[in-house]
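Single-letter residue listing:
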Amino acid sequence: MNSECKKIRDQIADLISGILSEPQVQALQQHLDECSACRDYARALKQEDELLAEFFAKIETNMTDREEHVLKAISRSGLSEQSDKLSIGRTIMKSRIIKLSAAAVIIGAVMLSIHLWDKSTPSAYAFEQTVEAMQGKRSFHIQTYFQNRRKDEFWAEYDENGKVIRYRQEEGKGRYGPYVTLWENDIRTTYHPDGIKMISRVGNTEPELEEFDPETAAKEIYEHVAAGRAIMEIQKPSPYAGLITINVTRKDRPLRQVLLVDPDTKFVTRIDNYWDADGEREFHKGIELLEYNQIIDANMFSPEFPEDTITIDQVSQEVGLAQADMSNEEAACETVRQALEAWAAADYTKAGKLFGGAPPELLLTERYSSLQPISIISIGRPVPIQNIKPVFRIKCTYEVEHDSQVKTVSPTFTVIAVDGQPGRWYVGWWIMHTDLEVDAQDSIVKGTIVPGEKVGDYTLGMSKDDVLKSLGKPNNIFYEQETYTLHNLPRKYYMCFEGGISFLIVDGSVKGIGVGEPFYKFTNGLGVGDSEQDIIQAFGDDFQLYESKWKDFLIYKDKGLTFEIHKENRTVIEINVSRSG
Amino acid sequence: MNDRLDETVVRACRDGDKAAYAELVKRHYRHVFALCLGVLGNVHDAEDVAQEAMLKGMLNIQKLSKGEQFEAWILQIAKNLCIDFIRRRKRVKPLASEQVMQPRQLTKENHDLEQAVRRLPQELRLPLVMYYFDKKNAKSIAEELHISHSGACQRIRTARKELHKFLTERGQDE
Ligand SMILES: [Zn+2]
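Protein chains in written order, with numbering that gives the first Met the number 0: chain F, 0 to 580; chain Y, 0 to 173.
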């Protein structure tokens, strides 16, 4: 086929669509007279055009039936008026919550009649009512849990089409307070409690929120039950007074779920997922619905940050280094190399740009100036990190001047693809470094973590009274969704104290100890804030990985250790010590 | 003209007139279905999602303040539900039994054609469905998809050429 024919074939397609001008048609006709290949092509396209018209006409023939079907579904479900509960269930069955084959629908319907309808009470409750009640979310406020401990808190607002308008996430308790993430209008603001705020352009965040969306969760559970992938039972009597308890067991994976439903609103107020990891130990992840479709205070989404907050701006300026035709690995190395060189040359503007848009004053703060290079010795190999976007860690060796002495240091840098600026890379402003005292607070080590045994003076098996004697009043006592005081303690609970240490207490004695601050270290010097890589190097790769959207968990069962790893910077956020095995 | 009528009907719906929403269904269902068909490429999925969209529209009609924007609004709801559906479809692989359940009454050529239409990327399929099913010209396709006139022509052209490629590929396989 010559280039003339190639052009002609575009025109043939346009001719069929009737969008060719008169002179073009004439020129085309001339070519077709001379070229049999293009004639065949034109004939084929004409035939396909007829087939397409016929194909869509066939779909057209059922339009009236389809419309009828929709109208019936609509009249059954009723407009604003409250229809009887049975018809709500039916409407949902007919509406497209699930795509099922005919067989699956029949099986599903039988299952529903057995498991979803609780016939034993006069005011029959069916899970469809929950799905229905939660449909069309406009906002929610939830608390997430992992291993029965409070994790993140979310506030989210949606528009009438179910698209997220904005959200706020509060993550963990850092040394000075929680990490706060805000998102609205494709701009994400991440506030780190050590006084740094980063803004970047991030488009669709729905996949991140989806995991915690109570409306979706209820819908999905319904789908699994209807499709026969799960069994649902209403527990009688409910162990939680005033709430309906529903147990769901999945057939296709080792997962059981416990749902608590408010009988008045029909909202799911709590969902707990228990994954059976290895036939012995269950991993727990849950959400608690604190508010649903309530108006959220606008200040939640635009809080005031401290005046001296340093802003890293990736929205109004181009940051990092352009990848050009370099590979990801090459670009990562080049970015960190140029950043270090600019920093060494005291070109804080250029260095700041490569550090993701950090203002010069950030690099001039004490914590950074102690790491300012004077000469670069080597840029290490980039180690890729499994993440939703490309991230590399690179250990670099260079010389610094410290107390008027030249020292060699080897901190690890993180190089990341810039959000909203395709083809650009930047060096993360968090620097992982253990050889040098970057931050005075890090050096205050209160005690040693001994796996399977103790954290500092606190040993597994010691009494809760001894813990209280040593640490004073706890900040918080809770288990699952209940909070407690020292005067009404249950059998099993968590007790959290100032300084990021917490205890799992069962029958009055310590069964687990959590460390969320770098005040306690292993004998090898590792602790909270160190890198995942260092942990794996030190403790081996015989761990189980549990991934959540925001964090990963490295679980060393035989050592009685669990490390919680920050998704983005891959450092340890929390260490949990329990009996091994 | 149409929009003015919609405004009146939407107001009636908001006032609790149950029959009024049926009027909106009659006026817009076809359009919603065409959109779903274009995005999803499968008649059965399109039926399900289009129905869900109409129901969702009814349940949320109180939230639509400008009645004359009903069409754009309901199409947006349908589009979001389609995206939701595609996301789910990606996550859950179809069961073998569902594949067996696909209707077989279409002629073989039609079956091939159906497969080929389904194989088209969404951005090419949607204009094609609008052209053949909704009987729209390039100008109104461009308007509805917020693309240029030449862009709409280009997509229909590419859709034709791609379809031809798929159909002849298949012929050679057999
Ligand atoms: Zn030719």
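The set of hints was computed from the structure by calculation and includes no laboratory data. Worth double-checking, as some hints may not be accurate.
[Unchecked claim] Pulled from the structure, derived: some chain Y residues nowhere near chain F, Cβ distances all over 12 Å: (1) E6; (2) L36; (3) E142.
[As the list claims (entries may be wrong)] Under the rule of at most 20 Å between Cα atoms (straight-line distance), these lysine to any residue pairs were calculated in the SDA-like manner: (4) F:K218 / Y:P120; (5) F:K162 / Y:I85; (6) F:K162 / F:I295.
The C-beta atom is built at its ideal place from N, Cα and C for all residues, glycine as well.
Results of checking the hints against the structure:
no.	hint	result
1	E6	17 Å, holds
2	L36	7 Å, violated
3	E142	15 Å, holds
4	F:K218 / Y:P120	28 Å, violated
5	F:K162 / Y:I85	16 Å, holds
6	F:K162 / F:I295	16 Å, holds
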